[in-house]
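Q: Residue numbers (the working numbering), protein chains in the order written: chain E, 1 to 606; chain V, 607 to 878.
Each hint should be verified, as a subset may be incorrect.
[Claimed, not checked] Derived PhoX-like pairs: lysine-lysine, alpha-carbon spacing no greater than 25 Å straight-line: (1) Lys170/E - Lys116/E; (2) Lys94/E - Lys223/E; (3) Lys786/V - Lys540/E; (4) Lys667/V - Lys768/V; (5) Lys667/V - Lys518/E; (6) Lys451/E - Lys543/E; (7) Lys705/V - Lys795/V; (8) Lys667/V - Lys786/V; (9) Lys619/V - Lys705/V; (10) Lys261/E - Lys223/E; (11) Lys543/E - Lys526/E; (12) Lys768/V - Lys200/E; (13) Lys141/E - Lys543/E; (14) Lys667/V - Lys540/E; (15) Lys667/V - Lys543/E.
No wet-lab data here; the hints were simulated from the structure. Quantities reported herein were computed from a predicted structural model and do not represent experimental measurements.
Below are the chains, spelled out letter by letter.
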Amino acid sequence: MGNIGRPGGGVNALRGESNVQGSTDMAVLAHIIPAYMATPSAGNHPTLADYLEKETPATSYWANKPKFLISLLKAWWGDHATVENDFAYDYMGKVESAANHYWIALFEAMHAGNIKGAWIMGQNPAVGGPNARFERQALEKLDWMVIQEIFQTETVGFWQEPGKVPSDIKTEVFVLPAADAMEKEGSIVTSGRLIQWRPKVAEPPGDALADHDILYFVGRRLKELYAAEPGPFADPITYLTWDYGGGPVHPLVGELVDIEKVAYEINGYATADIIDADGNVVARSGEMLNTFGKLQADGTTACGNWLYVGYYYPMSDGEGNTLPASKRRGQKDPGGLGTYPYYAYSWPVNRRIIYNRCSADSQGNSWPGGRELIWWDAAQGKWTGYDVPDFAATKAPGDPGFNDPFIMKTDGKGWLFGALNEGPFPTHYEPVESPTTNALYPNQQNNPAIKIWRTNEGQDIGNSYADVSEFPIVATTYRVVEHWQAGGMSRWLEWLAEAQPDMFVEMSEELAAEKGIKSGDMVAVKSARGELKAVAIVTKRFKPLTVNGQTVHQVGMPWHFGWGGGDERYQALARGEAANKLTPHVGDANTTIPEYKAFLVNVEKA
Amino acid sequence: MADRLAMYIDASKCMACRGCQVACKQWNDNRGYIPGERETTNVGTYENPLTLDSQTWTRIKFTEYDDPDRGFQWLFLKEGCMHCGEAACVDVCPTGALKYGPNGIVTFERELCNGCGYCSQFCPFGIPQLEVLNTLTGEAKSSKCFFCQDRTTNGMKPACVKTCPAAALDWGDRDEMVSKAESRVAKLKGELGFPQANVYGKTQLGGLGRIYVLTAPPAEYGLPADPKYPAMSTVWQKILQPVGQVAFAATVVGAVAAFFIARRNVHMEEVE
């Protein structure tokens, strides 16, 4: 860890999903569009010129942002994105200025009736969302919900929750059976930015389809409907590039996706012959690009994600084969550093170690002690070695900017801190529900920049909070190895369900003795937001804490469980109540990530 | 036995992910949770299933232990057939379903098992589990780990070893596994600070096919420190079974004799 930019070092984020990097690169977050450009907002960016002016810095590689954005618009609207219509910038959806479209805010908007429909893919908010009773109630307020899932999760059957009357719930629910990750072809990206293409290893069962096939079908139907009855603003749909067909014909939905066509668009291609100033052909019309250095801001290139340029371009695997870069499995490791440059494709431009300027000293010489990655070669007049330099490789020692290699930063320097709302550095604040006062800042109990929702405060289902007088025990939630997230991929599997079948709550021997609880007893855990029953595990692994001189007890619960989902015969094998019935609608200071991990409860024998 | 193979199990590296438990079921087509048939419940522990059974040939046992030297330890023990060098189950099995197989594997042939349950009764570790298949006829079958014989006789590692993400499991020549365990224990006792670390399985019962690295005394894991070859199994093999065979032969002889005598009597009656 640490030693950023050196072999074996770097920022090694332990992330919660196998393709969370790829999802983020492709803009699963509300504040970005693909490849980390800001989501356009109506107030700040009404026109393309506004966007480019406000979002393009004068220095750093982001100075090329117009090339990235215009290539993205060309990928989406093809020939309908022209110089005259600002490359169809007006077709892009825009958010209200200063909008919060993160998780909690979405469910609050649903609960308030401001969101009428939800399209959910492979997520189980009825179990995984904070203040889950509130979020389940928010789902009831939708007019319609579409959900793509591999099993009948609790969200698929939110209207069938025990105690609810299905006929009272008016939400129209459309369940689209989806293929599992192993049942479809495509790429996944690790947190080391390695893009690996994976084949389909099994056919999806029944009518289940890959998510991309479902979306392709729905997109085609939408285009047909808009073509038949164009409304006042049909162009963004009717002109949308949607030419991904060519796969096998499915009996229900017709032509399926040829996934290589999607890869071609994401990789990027020339829409016209690109000739450089010397008259050399950079790329022929239709040809895929091998580096984002070839992207243009004049509409002659199209690209779905500028960071991914080259990932599907035919490249050598070092063993005599040429194939789309992310499909490569070459085993050569020229520097002996474990970078394996011929294995798959690492964005950007197959750079294995980001910020790799740090693997050489201020004169461009490798640091002593071995592990030489890249260095300045005076004879050749450029940087050389075993990785793609993360900066201008022809700058010589003494040249201006030779030691300003952090090309994504406006000043070219490595930054010790970024722009956090409560910044510049993280520090300690107490959670909103805390058993004690902030010993570090007695006058500032909580982070001043967090977001606390108080909808329906004091109601049976609402954003209520409590203090230690009523709820004296600290609670946290976590995962067990047998289950995955909200359980949609594990609680239906008999081997995993057998190993970890029930919801439980862990507590110390001391707390158990105080409450007359024995291991294996059913207990009730209650917070200001809800109550659940779970099996007690009394363990030496939990110990009472001494906090500011007071004895504080702590309990812990896994958050994977739910009542079992939809129709009885398709319910999960491992069932229990959801820990998130207890957690609050409190969002962190920067992206409003829910405060899942610290809240107050009480525990009693059930 | 020069070519004896063994499984190395390093409890100090095990993190109780139970990948071994699941990989064993996957490779051997064994079942897990079946509603109404094979259900587990949480009884106040992470452990499940609570015992080995006909569909569970290996599992992780969880023990909370207050180590006098180190304070609290959560001990994880991978349970399964020990493949003893002197295996009582082989000696008591009347049908030859349990045998000493190649490479020191105690093999099990389900087709030959008559469900008598002696293996279960005589195993010093209580490993083989009898499953009653039909309560009316009393039909039953035993079951246990046979070191993925289908894999290991084809140059592969057992499924549990292959899946272990913590490198707590290994498979190979028994002498090598023993010396690997001994050097690991030396390291644990030395720089890693586990004074009670020990090797289990090197000498017990003719040497076990599982070589454990433990960080606490065997008894804390529920393992017998000095397991004994049960005396009755010798009696069974050397005396009762031969006697039984003599008795069976005598019964047959008697029955045949009775038949002829009866027939002679009938003839005599006819003559009279």
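Q: All the hints need checking, so say for each whether the structure fits it.
A: Okay, the hints, checked on the actual structure:
no.: 1; hint: Lys170/E - Lys116/E; result: holds, 12 Å
no.: 2; hint: Lys94/E - Lys223/E; result: holds, 21 Å
no.: 3; hint: Lys786/V - Lys540/E; result: violated, 32 Å
no.: 4; hint: Lys667/V - Lys768/V; result: holds, 20 Å
no.: 5; hint: Lys667/V - Lys518/E; result: holds, 20 Å
no.: 6; hint: Lys451/E - Lys543/E; result: violated, 31 Å
no.: 7; hint: Lys705/V - Lys795/V; result: violated, 37 Å
no.: 8; hint: Lys667/V - Lys786/V; result: holds, 23 Å
no.: 9; hint: Lys619/V - Lys705/V; result: violated, 32 Å
no.: 10; hint: Lys261/E - Lys223/E; result: holds, 19 Å
no.: 11; hint: Lys543/E - Lys526/E; result: holds, 20 Å
no.: 12; hint: Lys768/V - Lys200/E; result: holds, 23 Å
no.: 13; hint: Lys141/E - Lys543/E; result: violated, 43 Å
no.: 14; hint: Lys667/V - Lys540/E; result: holds, 16 Å
no.: 15; hint: Lys667/V - Lys543/E; result: holds, 22 Å
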